[in-house]
Amino acid sequence: MRPKRKRAGRIIFLSGMLVLALIIFLGNKVVVKTSTDEYCASCHIHPHSTQSWKRSTHFDNKMGIHVHCVDCHLPPHGEGYLVQKAKTGLRDVWAKTFRDSASFNWEAKSQIDYASHHTFETSCIRCHQNNYPLGLTKEGREAHLYYERQAGELHCINCHITVGHYDPERLHAQNTDFGIVKTASSELYKEPGVINGFNDFKEYIPGSAVSFDMIAIPAGTFMMGSPEDEPFRNQDEGPVREVEISPFFMAKIEVSWDEYMAFFKQTGAQGKSSDTYLNMDREDVDGISGPTPPYGAPDQGWGIGKMPAMSMTHHAAEVYCEWLTEITGKTYRLPTEAEWEYAARGGNTTPYFFDGDPRRYVDKGIRNKIFGVDTTVINSYIIYAENSGARSGPPSATLENPFGLINMLGNVLEFCSDWYADEAYSQYEEGTLKDPTGPDSGEEHVVRGGSYRDGAELVRCASRNYTKTDAWMKTDPQIPKSVWWYSDCFYVGFRVVCEYEEAPAD
Amino acid sequence: MKPTKPTSRRRFLENTALGAIGVIGASKLIQSCAPGETTAEVVEPVFLKTAVDGQPIRAGVVGCGGRGSGAAVNFLDAGPNLSIVALADVFQDRIDDLRKKLKDEKDVDVEDANCFVGFDAYKRLLEVDLDYVILATPPYFRPVQFQACVEARKHIFMEKPVAVDPVGARAVMAASKQAEAAGLCVVTGTQRRHQWSYNNVKARIDAGMIGDIVATNVYWNQNQLWYRENQPAWTEMEWMIRDWVNWTWLSGDHIVEQHVHNIDVSNWFVGTHPVEAVGMGSRLRRKTGDCYDNFSVDFIYDKTIHMNSMCRQINECANSVSEYLRGNKGYTDPGGTIWDAAGTVLYKWESPVDEADEPVENDPYVQEHIDLISAIREGKQIVEAEETARSVLTAIMGRISAYTGKKVTWEEMMSSDMTIGPKSEIKLGPVDIDKTIPIPGSD
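For the record, the sequence lines run as chains A and B. Be aware that the first sequence starts at 1, since it is given in our numbering, and climbs by one per residue. Be aware that the second sequence starts at 1001, since it is given in our numbering, and climbs by one per residue.
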């Protein structure tokens, strides 16, 4: 019965081929169908994405071309398109089925850090093959040369973040209106605040309508650093040192946009570059020359007013203090790292200035995942990764620490005047330290307190961190790079301290 | 890009002629190799003796001084179907001189209407119907004029150096990329790259004849260069431009203006640019201007290869214009000879001979145009500006190090906003620059 067998084999083979063809055909149908803009938008959980896309140059442009969701959010065909599509699809189905779409933080997902994971540079390059078209501006040419030198460091969207989803807050243009504050009708302060003994006082910025509170921080001795058994402790937090601190005043809140804008308005240099490399005549600095306008909106569109000013460089913060010193006749400066920790602890030796175990607050560990965590206490004091919604918050959102200071932990990182060194604490001489000021020299400065992006482990009183100049400046294509604004750090700010000079005894 | 035309009969004959030289060279190579030693295959360079024929090419000359006039004639000598149709210069007498020279020597007439005088003359020249622009003004003007030519979609021959400061050098790098993207051809005046001798040596160094290059020395030590004293009838600007090689803002100083040739050879053979430089120099006997007259710079490439560079323009001193490259298996004078580590000649370039047994030397000044014109006509794009800009920026890095006494890095050059030259508009009259001669260090 060989022929029959042969025939059966042939039928099986043919029907197999047919099924395969059908699978390929249907599979292709599915791929095509699920790759349309309509399909992407069909979940209706992010309608604003569709709207902002339609307002962007990838939808509305002179060429009349529409660039579709999958053109950017999946890699090109043949470069992992189907694999990524499957991954994205599974993730979306899971999220749609098991998660509450109201809990998604779309704004956080549109930040560069996240956006660069679901926007494929290979896809940008597939269409944009020429970085040097005729007619490109001088700035554009310089910027693309810069981009090519940062091979792998920069994604196209580091600069061109708004091309796919329009966002007026993040347009890539010099923000020359920045700091033009409409306060003409408000009353302007003529005199600075007055210090009356070692008490809290209110500072008034002359020539502006801005005032802020200064808290008297009494002298004392404390243990700087964290004990070796503190959860999430890093090596650089030790050895614990006994430190004696002289009295000083510290601002109740982080320097606000109102305060920083007053500085910008009075000293701002529109478009003037300074501190130029190898510029041999630098002696032309008469008075204080303030910041240039930033690119885009350094407040990220989260609001100004009492919100913490951020993205300014350490240098800018120091110039701010010089300026404040000049116009108020007091001595303002950045806190030393020791002053900062002393103020943050408010007399406590625990990880936070309130009772709480960092292990119970982090978004890690099975126990926390299963049983949930009571975060009521930490939420009332700190704006950090678990409650911030990926943005900074106003001082009114949290409670004071024992000294009366707000947002010492979390919200934005705060500059200190010290140079950072891993082993700063062990490098000091033995014995009790009096008002230590850190290493004599270094590359980067200390920043303390953690930010709205950090987990509970990094917003402990003892947690140390430092500026990362290269990384925080990587997108800035200007030559020279701005000395006033970090292009890639929207989570650093500062707080001022004012020195207390005891009145001479009569 | 246009499809490549089939090789013409004429070209074929020339190729075979030069190819024969290659065979001789290769046979020497084979003889000289120790038994069992393996060397990558030598890729013989091929050069044309005259540009391929094709579409007529109409050229304009911007900068009609000595080099511009020379380049104009070199261009016309490069092959058939070539004409010069427009001239531009800051000074009328320069235009008159070149016009007369072209008429007398080459029987080329340039219309009155196509002769332009002034600092913006190049813009008006670009409005004339032409395909090819020769840029030979002082280097200070190059980045802006090059950009304008690229925007106007012209093929470009431009003299080295292509810039005098970091901003200018980077502008040329970017414009070069634009030219590449727009399908234009650009040749710069680093003529050693168009010399048969250098290219034949290069082919063998690339094939590993001296192993890996471990150190290079480059020299341009010569007598005092020309200069012009000021004239009562001249404004300061006119004087500076007529005396341009002596002014840093116009020439980049002689380490950039002249010595870039040798620095470029080192970069070309090593295959990259240095990452830092420490240099010294001074001004001892120069008559006019604000340039130094001697430099010595230690350039460091990645992987710790050093380039020792010297240049001097002072009479009655030891002179040398040459390069010397040492590899871990031998050394070379890239102008024509390769030795093994023991000093035995492995290869020596010999010029080909004609029917009368006379050596045929190539004129690199003409060769540059032959290569550029052939590239245009055959649709084989060639764009040299970016690489030349890198060598120019290398020289600028050395100059800044000598002027300041500081170590200067490539990274700093790529992010420096330094521009030199008058802060005010460029026009005839007094020139607003600081004429102090830089003195490094302190007491």
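Check each hint, because a few of them may be wrong.
[What the hints assert, rightly or not] Using 25 Å as the maximum straight-line C-alpha spacing, the simulated SDA-like pairs for lysine to any residue come out as follows:
(1) A:K62 <-> B:K1123
(2) A:K62 <-> A:Q51
(3) A:K138 <-> B:R1228
(4) B:K1303 <-> A:K138
(5) B:K1435 <-> B:R1228
(6) B:K1123 <-> A:L134
(7) B:K1380 <-> A:D470
[What the hints assert, rightly or not] Derived DEER-like restraints, expressed as beta-carbon distance ranges:
(8) A:N61 <-> B:E1229: 35 to 45 Å
(9) B:E1236 <-> A:G140: 53 to 63 Å
(10) B:S1442 <-> A:R359: 52 to 62 Å
(11) A:H315 <-> B:V1144: 51 to 61 Å
(12) A:A151 <-> B:T1404: 22 to 32 Å
Just so you know, the hints here were simulated from the structure itself, not pulled from any lab data. Quick caveat, the model's predicted, so the values are computed rather than measured. Don't be surprised by glycine CBs; every beta carbon is placed ideally from N, CA and C.
Cross-check of the supplied hints:
1. A:K62 <-> B:K1123: At roughly 29 Å apart (the allowed maximum being 25 Å), K1123 (chain B) and K62 (chain A) break the hint.
2. A:K62 <-> A:Q51: Holds. K62 (chain A) to Q51 (chain A) sits at ~19 Å (cutoff 25 Å).
3. A:K138 <-> B:R1228: Measuring from Cα to Cα gives roughly 36 Å; hence the hint is violated.
4. B:K1303 <-> A:K138: Not OK: K1303 (chain B) and K138 (chain A) at ~34 Å, beyond 25 Å, violated.
5. B:K1435 <-> B:R1228: This hinted pair holds, its Cα atoms lying about 17 Å apart.
6. B:K1123 <-> A:L134: holds, 17 Å
7. B:K1380 <-> A:D470: Judged against 25 Å, a Cα distance of about 41 Å means the pair is violated.
8. A:N61 <-> B:E1229: 35 to 45 Å: violated, 60 Å
9. B:E1236 <-> A:G140: 53 to 63 Å: Violated, since E1236 (chain B) and G140 (chain A) (Cβ atoms, about 36 Å apart) do not stay within the stated range.
10. B:S1442 <-> A:R359: 52 to 62 Å: 58 Å Cβ-Cβ, so the 52 to 62 Å window holds.
11. A:H315 <-> B:V1144: 51 to 61 Å: violated, 33 Å
12. A:A151 <-> B:T1404: 22 to 32 Å: Holds - the Cβ-Cβ distance for A151 (chain A) and T1404 (chain B), about 30 Å, lies within 22 to 32 Å.
Checked against the numbered hints given earlier, the structure breaks hints 1, 3, 4, 7, 8, 9 and 11 and satisfies all the rest.
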